[in-house]
Amino acid sequence: MDFKISLDRLCELLPDSQVEGSILSKDLEGIASLERARHGDISFLGNLKYKNLVQSSKASLILLPEDYIGSPKEGQIYLRIKDPSKGLASLCSYIEDQLSIAPEIAIHPTAFVHKSAKLAHGVSVGAFGFIGRNVQIDENVSVGTHCHVGDNCLIGSDCILYPGVKLLSRCQLGKNTILNAGVVIGSEGYGFDQVNGTHHKIPHLGIVVVEDNVEIGANTCIDRARFEETRIGSGTKIDNLVQIGHNVRIGKGCLIVAQVGISGSTQFEDGVVVGGQAGFAGHLKIGKGAKIAGQAGITKDVEAGAFLKGNPALPFHLSQRISILQKKLPELFNRFEGILGKE
Amino acid sequence: MDFKISLDRLCELLPDSQVEGSILSKDLEGIASLERARHGDISFLGNLKYKNLVQSSKASLILLPEDYIGSPKEGQIYLRIKDPSKGLASLCSYIEDQLSIAPEIAIHPTAFVHKSAKLAHGVSVGAFGFIGRNVQIDENVSVGTHCHVGDNCLIGSDCILYPGVKLLSRCQLGKNTILNAGVVIGSEGYGFDQVNGTHHKIPHLGIVVVEDNVEIGANTCIDRARFEETRIGSGTKIDNLVQIGHNVRIGKGCLIVAQVGISGSTQFEDGVVVGGQAGFAGHLKIGKGAKIAGQAGITKDVEAGAFLKGNPALPFHLSQRISILQKKLPELFNRFEGILGKE
Amino acid sequence: MDFKISLDRLCELLPDSQVEGSILSKDLEGIASLERARHGDISFLGNLKYKNLVQSSKASLILLPEDYIGSPKEGQIYLRIKDPSKGLASLCSYIEDQLSIAPEIAIHPTAFVHKSAKLAHGVSVGAFGFIGRNVQIDENVSVGTHCHVGDNCLIGSDCILYPGVKLLSRCQLGKNTILNAGVVIGSEGYGFDQVNGTHHKIPHLGIVVVEDNVEIGANTCIDRARFEETRIGSGTKIDNLVQIGHNVRIGKGCLIVAQVGISGSTQFEDGVVVGGQAGFAGHLKIGKGAKIAGQAGITKDVEAGAFLKGNPALPFHLSQRISILQKKLPELFNRFEGILGKE
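Protein chains in written order, with this note's numbering: chain A, 40 to 382; chain B, 40 to 382; chain C, 40 to 382.
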């Protein structure tokens, strides 16, 4: 990684930190895990599970929690800090700024911006970007190469659209929202009327509204509503390759891991957490703060605070218990037949 | 939603409808569900499950089945119609036409169309669209922004390719087919020969043929055949993020919900219905009209008309019964051990 | 398929082959499976399962294993060869060369290549391709239409990037690697710190390194590391719509079938084989040569050579046995209650 930070500058970034030890070089030049860090690198103890790797780490500086017991080697610094994760985040933001190159030109000469579109100060549009009619984009939005922003879309300030995002007509993004590469927002919903044995398209006239501070992973798809809107609540974070059907409503602060599928009209209250590859039938209500394990299949409403697993989904501990008993089925059948005879 | 329709025009669209009640305003200006509709909106009773929401709806006009019992409030109209879903579809088509803006220019000035390509009357190509050598496109096809139509592709009339579709070389689309944003048709199949422990690529020289009236969801991928063709039958509707392997043959009128995966050379007869996230091994035959529940894992041929669930997949009712008994396993083990002793 | 090959040329391509029978036409003009082949076509017996289709095949020439017993019809040739799969591969490469049209122009006039990028001899960039700052691309690389190659990326010789690939900044590809359409390499990892109940973004400063001879399927996503690198080992083949999280390390020669999901920091040793739609939790170690069945859910480390199935995953044969016993649960409960009484 191509950055430098001096010890002084690092201590400015992390004002509450305590330095133990010393290093010769003025500059730290990389960041790496405890195991992989080399001389000159910064490392950190983010997860106590890796505590025993601290002593053998070759990092020149290690961020540690305040109560970590131990002393640095010669030519090494321990930087103790109340919240190492938060400290690390401050450091990373600093590095990120150093690594990224400011776009040379706000609107790339190969981009196409319709004359009726309104782009606020600080908006950049990458090569081959397309901005349709009557689009409104607020301050400091970055639209990547090969992005499509359809007619009548609205984009709040400070959003980032990575390369190849398709934001289809009339959809809306709140402030500070990030769409990773290849995201599709506003595809047609999957709904058909059956007439005399053939499937007839139901037009989807609604839109998708993504609120503030949302992040959406690469190649994830969110369908537009039949009427009205499909909505993603503020602060919700969605991973890659997730499918969100038409008229779904996701609450605030939800976490939805990769490859989850949510069928049409299902509603999540706030703070729902879903593990990877879980699937939801349509027209369900998932209560506040519910947790759904990876690969679970949800076909019924879920109460607030519930923790479910499996398909069909059961309360987590019951599901775990049944899994253990299933492993004993061969033994049970053998004993049963031993005592009571084969049929 | 930005449209208007007068009561008179609406009655023309729905010729068999009966009006009960009256409204002051001449125009209706939105369409919404019974719960969300406000003054000025049209609403509808599409599913009898929501019957009890009709009376409290604030919609100015409600589409209802002929046998619905009840009367409109003051300033409200009940429009009774034999088939409300079909009526709604007619209305939606009308609104869709009003909402969509006709493309300004048939071939966008930034698009690239190879000189050997033949585009019929009414074909539009969006910004940064690419049309390769010897491509033939029939009447009234809309190719979106950033689409790739590879060398020697054939596209039937009235198709819609949403932004970012990749239709790779030599593949074919029938009439009136819709590819949502990010669809990939004609990617290389996943097949390798193992020679001395390393995997060697098998060239995939075949194509993909998509027949008439097919719809394919966003970011879905369909691999080209090794030789010959991967084929999607007419009237089949495929949702988002579905994977269809090389040499698969899907019959007519099938429904394949999001995130389903179908491995190479598997064949679906007509009218197969597959729930989300189900998976199919390769080289299987799935009989006519079979139904496969979401998340099912299919590793054997399926008979016509079968309804399967689970992994390994079992007949639906058996699978349901086993799920119920699994919940009783803790009790069974307890009783068994209570009566017959622990081992 | 639009190619021709004479019998003489075919025998040159397959030097160890033995001809039995004769044909009138000098040229063979197609390649098809035994069942579908017509007069003029080449066919082959690739899988002994299809042995009984040889005699009824209308192919003019059939590639067969040396020990196949039987004789060609009149006007038909049997071409016996030691390794028909390998022979077929040689033939396919020949056909592939005939079918593909050499790009007209190395750098398409609509492409954008930053002036600081270094492109070696034989590099082609398709229409609307984007090559960022300080990119280095080695000999004979083909970058498709609408591809994005971000700042500071490195691409080894003989790679193919199909249309719409997004290779984001600083990521690296080894030699002879193929990225299918819509692949995203280097998306932001899914990781958040929770501070006072809201999820805060963790910057992902690392990269993705894809080694030599790797193939990656359409619309697959590979996230960049938090620091350091996400790495895909040489010779590994990844199918469509696969999700690979940040900091994952995949060994050499692995096979990962469509729609698999691998969570952050999980490590695969060499030669791991994973069936479609399987899912892996984060921070796991999967031992050398392990096999994981489709749709399995892996939440614990896996030993080298293990073969697991199900969720929770169990050794394959135990899992199979339990599946069989589950089908007998209704009978077991009935007998149990018959003998010991209902509770």
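Honestly, I wouldn't trust all of these hints.
Intra- or inter-copy, both count: the list cannot distinguish identical chains.
[As the list claims (entries may be wrong)] 25 Å max Cα-Cα, derived DSS-like pairs, lysine-lysine: (1) K65 - K367; (2) K291 - K112; (3) K324 - K88; (4) K367 - K339; (5) K367 - K125; (6) K324 - K90; (7) K43 - K240; (8) K214 - K291; (9) K88 - K240; (10) K291 - K330; (11) K97 - K157; (12) K125 - K240; (13) K88 - K214; (14) K240 - K214; (15) K43 - K367; (16) K121 - K240; (17) K240 - K291; (18) K112 - K154; (19) K324 - K97; (20) K367 - K214; (21) K367 - K330; (22) K330 - K240; (23) K367 - K291; (24) K43 - K88.
The set of hints was computed from the structure by calculation and includes no laboratory data. Only a predicted model underlies this, so the values are computations on that prediction, with no experimental measurement involved.
Hint-by-hint comparison with the structure:
1. K65 - K367: Intra 62 Å, inter 66 Å, cutoff 25 Å: neither.
2. K291 - K112: neither (46 Å within a copy, 36 Å between copies)
3. K324 - K88: between (37 Å within a copy, 15 Å between copies)
4. K367 - K339: between (29 Å within a copy, 20 Å between copies)
5. K367 - K125: Neither, since 46 Å and 47 Å both go past 25 Å.
6. K324 - K90: Classified as between: cross-chain Cα gap 19 Å, same-chain 42 Å, threshold 25 Å.
7. K43 - K240: between (57 Å within a copy, 22 Å between copies)
8. K214 - K291: Result: close within a single copy only, 14 Å intra versus 42 Å inter.
9. K88 - K240: between (53 Å within a copy, 22 Å between copies)
10. K291 - K330: within (14 Å within a copy, 36 Å between copies)
11. K97 - K157: neither (52 Å within a copy, 36 Å between copies)
12. K125 - K240: between (50 Å within a copy, 11 Å between copies)
13. K88 - K214: This pair counts as neither: shortest intra-copy Cα distance 36 Å, inter-copy 37 Å.
14. K240 - K214: between (34 Å within a copy, 15 Å between copies)
15. K43 - K367: neither (58 Å within a copy, 62 Å between copies)
16. K121 - K240: between (58 Å within a copy, 19 Å between copies)
17. K240 - K291: Only across copies: K240 and K291 sit 15 Å apart there, 32 Å inside one copy, limit 25 Å.
18. K112 - K154: neither (63 Å within a copy, 47 Å between copies)
19. K324 - K97: between (51 Å within a copy, 24 Å between copies)
20. K367 - K214: Neither. Shortest intra-copy (53 Å) and inter-copy (50 Å) distances fail the 25 Å Cα cut-off.
21. K367 - K330: Between. Shortest inter-copy distance 23 Å satisfies the 25 Å Cα cut-off; intra-copy 28 Å does not.
22. K330 - K240: For K330 and K240, the Cα distance is within 25 Å only across copies (21 Å; inside one copy 35 Å).
23. K367 - K291: neither (42 Å within a copy, 37 Å between copies)
24. K43 - K88: neither (29 Å within a copy, 62 Å between copies)
Going down the numbered hints, you'll see the structure goes against 1, 2, 5, 11, 13, 15, 18, 20, 23, 24, while the others check out.
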